[in-house]
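*Asks:* Add chain E to chain Y, keeping to what the hints say.
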Amino acid sequence: MIDSAARSTSLPGPRPRLALRRVARSAVYLTLFAAAIFYVIPVYLLFMTGTKTFAEAANQALMWDLPKAASFDSFAEAWRTISPNFLNSAKIAIPAAVLSSIIGSVNGYILAKWRFRGSETLFTLILFGMFIPYQSILIPLLKVESAAGLYNTITGLVIIHIIYGIPITTLIFRNYYVGIPEELVEASRMDGAGFFGIYRHILLPLSIPGFVVVLIWQFTSAWNDFLFAVTLTGQDNWPITVAVNNLAGSFSVAWNIQMAGALIAALPTLLVYILLGKYFMRGLLAGSLKG
Amino acid sequence: MRRLNRDRVVSILLLVPAVLAIAVFVYGMIGWSVWVSLSKANDLSFDMAFNGLANYQSIFSNVRFQLDLRNTVVFTVFFVLASLAIGLFLANLIDRRIRAESLFRSLFLFPLAISFIVTGVVWKWLLTPSAGFNILLGLDQSTNRWFTDPTVLYIAPDSGAGHFLAGIGLGGLATPLFGIPIALLSLVLAAVWQMSGFVMALYLAALRGIPEELREAGRVDGASEWQLFRRIILPLLTPVTVTAVIILGHISLKIYDLQQAMTKQGPGFATDFPASYMWQTAFNDNQFAKGAAVGVVMLVMVATLIVPYIIWNRRQEAAR
Chain Y
-12 MIDSAARSTS
-2 LPGPRPRLAL
8 RRVARSAVYL
18 TLFAAAIFYV
28 IPVYLLFMTG
38 TKTFAEAANQ
48 ALMWDLPKAA
58 SFDSFAEAWR
68 TISPNFLNSA
78 KIAIPAAVLS
88 SIIGSVNGYI
98 LAKWRFRGSE
108 TLFTLILFGM
118 FIPYQSILIP
128 LLKVESAAGL
138 YNTITGLVII
148 HIIYGIPITT
158 LIFRNYYVGI
168 PEELVEASRM
178 DGAGFFGIYR
188 HILLPLSIPG
198 FVVVLIWQFT
208 SAWNDFLFAV
218 TLTGQDNWPI
228 TVAVNNLAGS
238 FSVAWNIQMA
248 GALIAALPTL
258 LVYILLGKYF
268 MRGLLAGSLK
278 G
Chain E
175 MRRLNRDRVV
185 SILLLVPAVL
195 AIAVFVYGMI
205 GWSVWVSLSK
215 ANDLSFDMAF
225 NGLANYQSIF
235 SNVRFQLDLR
245 NTVVFTVFFV
255 LASLAIGLFL
265 ANLIDRRIRA
275 ESLFRSLFLF
285 PLAISFIVTG
295 VVWKWLLTPS
305 AGFNILLGLD
315 QSTNRWFTDP
325 TVLYIAPDSG
335 AGHFLAGIGL
345 GGLATPLFGI
355 PIALLSLVLA
365 AVWQMSGFVM
375 ALYLAALRGI
385 PEELREAGRV
395 DGASEWQLFR
405 RIILPLLTPV
415 TVTAVIILGH
425 ISLKIYDLQQ
435 AMTKQGPGFA
445 TDFPASYMWQ
455 TAFNDNQFAK
465 GAAVGVVMLV
475 MVATLIVPYI
485 IWNRRQEAAR
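Quick mapping for you: the protein sequence lines, in order, are chains Y and E.
Quick note: the first sequence uses my numbering, first residue -12, plus one each step.
Quick note: the second sequence uses my numbering, first residue 175, plus one each step.
Just so you know, these hints were derived from the structure itself, not from any lab.
There may be inaccurate statements among the hints.
Said to hold, decoys possible - Just the calculated beta-carbon pair ranges, DEER-fashion:
#1 Y/His188 - E/Ala391: 44 to 50 Å
#2 E/Ser333 - Y/Leu263: 51 to 57 Å
#3 E/Gly343 - Y/Asp223: 54 to 60 Å
#4 E/Glu491 - Y/Pro192: 48 to 54 Å
#5 Y/Gly181 - E/Gln490: 52 to 58 Å
#6 Y/Lys265 - E/Pro409: 26 to 32 Å
#7 E/Gln490 - Y/Arg8: 35 to 41 Å
#8 Y/Ser70 - E/Ser219: 36 to 42 Å
All C-beta atoms in this analysis are idealised placements derived from N, C-alpha and C, irrespective of residue type, glycine included.
Next up, chain E with everything else stripped away, as it sits in the complex:
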């Protein structure tokens, strides 16, 4: 028994360094960032005098940051939906006892091993209007401008839909601030290239876990292949879908490397994001407090997505 007690002490002592590191470098530094974000540290003198919520007011009233939030939402929606659709589609094709299965799987997955920087460098060239796909497909470079396209699709206030929105008191939505920047879709394309294989692998693993008897039973009951998929398979895949949405979502909320290598801020901030705004504000302009505020806003966005997921996941494991 004494032996056990000594081992217990050893076990806890050995865990201390890691716990301390996380306590300081994750939680401590988050607290520190919050503190900086509430200060006046907006130049090199790093004046930590309390400044209330002034930095938050400043960034939220900044048009660039507003556009960054728009871009984050648009990018996340397109990126997550496209990756899910392509991943699910490919997983279903691969799950049909095809030949050279592992070859196809490897080809869809290898972009995951590459850095977002390399992906960005290649896709930049693929989508540069004077080069890449425009040349391969013989497209007109003046109309197919990819990530250099300044167009933002939005509901015009004087259009029918605009009048309708105004009629129900939502006229404020009929501005470019609630639009879809075309240039952003180039980034979505590159990100989908990199991440859809991951979704494919998640779905494929789940599909393999569905017993054949279940499908057989459905067929015996006269269900068509589509009905089988829609009513039996898809509901069983829900937990995987949740996982994929969380993983892809938290990547897209933090997107930085890809955008730096491929497009930078783009025309009219069409491909700008909170991460690049944060870096420029803090490390180019030395406005540390504002930069910290952007970082904290990013953390809140990610935490909103991740914390319920972690808790759900841990509960599931405990129940197992």
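Same shape as in the complex, but just chain Y:
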């Protein structure tokens, strides 16, 4: 401390230093502000274009201008087109998220608190499943889904999201349960609690954050899925990602409808992020195996 104070006297006086710091500080905010604009611009454009009328949106030269009169016609029009797909996505993502979290919780409990010889290796082998490119299983998957009568069904997609969700949901719950002290489990065991008793009385009450993380994660991945849906469903069962991609790929659909549709597609997961961002982040970190 004394040393650093002595050193600072040999540097330029405190006044210019303070000014320099103020300039540096402004530069930091300026840069952050510029970065924020970069991240926000696409969403701004989505919303702004979506609120334009057809005639206004048609003039590309004025695409950055604010709408003359805000109109929600584009959203209404886009909603008419894609609301069945929006519903399909909900029918896929909600059950998939709920069932995945239950299964993940049980798996995680066993792999954290009922370890057996080879269970760690088994866990490692399960983990690999969350990284594979699905292109390496897509052809057999299509065959199996067809043979089981699940091709082009919502149920088929729900099952697929649950199965390929097993690695990450198991991982999140296992790492979460590992943090619960062994003494608690041991004490409960001494009191005569068995497999289910320990789960119900010790782990489950502490599991709420784990469930929130997994529910959010699975909901988001199922909602945002494109590859499984485009391969395994036909037009009547398309979720919203496939519908929006189709909307955007068609030359006859005006920009304002495309943008409104894209915003509608993004809304549920955006809302989840805004309301439960902290838990969202934890799921992301789990995806890097950091739990």
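*Replies:* For chain E alone, kept in the frame of chain Y given last:
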């Protein structure tokens, strides 16, 4: 004790369905894909007769697939490096006890909640030459062609660098096959928009974990802020960098949704990838065996990156 044994059996029985599902749907189906890739199933009759490595020979000698591999490498390098640089930069800015920290953090992170499809649809419009950024910034749409630009930067064989390469026996590198397609950079931009916030969050968490005393000690020893960062902070961030490279890398090796929504294959396959080649081959052209071969090649690429990482990660945890 008997109670414990019964519970042990219950625990294993309850794990069986999940383990079976993974065994069948991950490992079983990978094996099945490998088998298909070695067969003659290249039309709707799905003839599973053994065909050796013919499908692999066929895809690797296909120019489109060669370009896809080039694109995968170029995209991965640019996407990973740009995301790391931007993420690290933003994390350092945010780590300066700034005001409205959580607002900035949220703004940098929210693209992660959006699907690659939505990102692709928006960025397609932002980078369409007749619209988007060209209009906003007043750029000439005939020279700023973004993802419609067919240009591939490569070392010309008759240039100085080309002669040099030829001189050291690497003349084969002086072709567009080892070049950088300009159109690909538009996809990189959109992907960086979506993923750099994730890297920022990873770095920020790590920066917060570095004790202030360490920096203080460095300052007392007379280190400048840059030296402090370069010699003390950056080395401590290495594990996070590894994690980020693995996560971003495996996403970029599988890239599909974004490309489908934004550019499709692009001019001269400038924005084509193995994933889109696989889908078209298998599900549009019914060449299942070739499609499976592409899928297996993708798996090998991802596994090369991921398997050592998983093992490293598990060992670290075991050591803890």
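*Asks:* Next step is simple, just say for each hint if it's right about the structure.
*Replies:* Hints, verified against the model:
1. Y/His188 - E/Ala391: 44 to 50 Å: holds, 48 Å
2. E/Ser333 - Y/Leu263: 51 to 57 Å: Cβ of E/Ser333 to Cβ of Y/Leu263: about 55 Å, so the range 51 to 57 Å holds.
3. E/Gly343 - Y/Asp223: 54 to 60 Å: Holds: the Cβ-Cβ distance is about 58 Å, inside 54 to 60 Å.
4. E/Glu491 - Y/Pro192: 48 to 54 Å: Taking Cβ atoms as reference, E/Glu491 and Y/Pro192 lie about 26 Å apart, which means the hint is violated.
5. Y/Gly181 - E/Gln490: 52 to 58 Å: Since Y/Gly181 and E/Gln490 have Cβ atoms about 33 Å apart, the given range 52 to 58 Å is violated.
6. Y/Lys265 - E/Pro409: 26 to 32 Å: Distance hint for Y/Lys265, E/Pro409 holds at roughly 29 Å.
7. E/Gln490 - Y/Arg8: 35 to 41 Å: holds, 39 Å
8. Y/Ser70 - E/Ser219: 36 to 42 Å: Holds: the Cβ-Cβ distance is about 41 Å, inside 36 to 42 Å.
Hint compliance for this structure: hints 4 and 5 are not met, and every other hint is.
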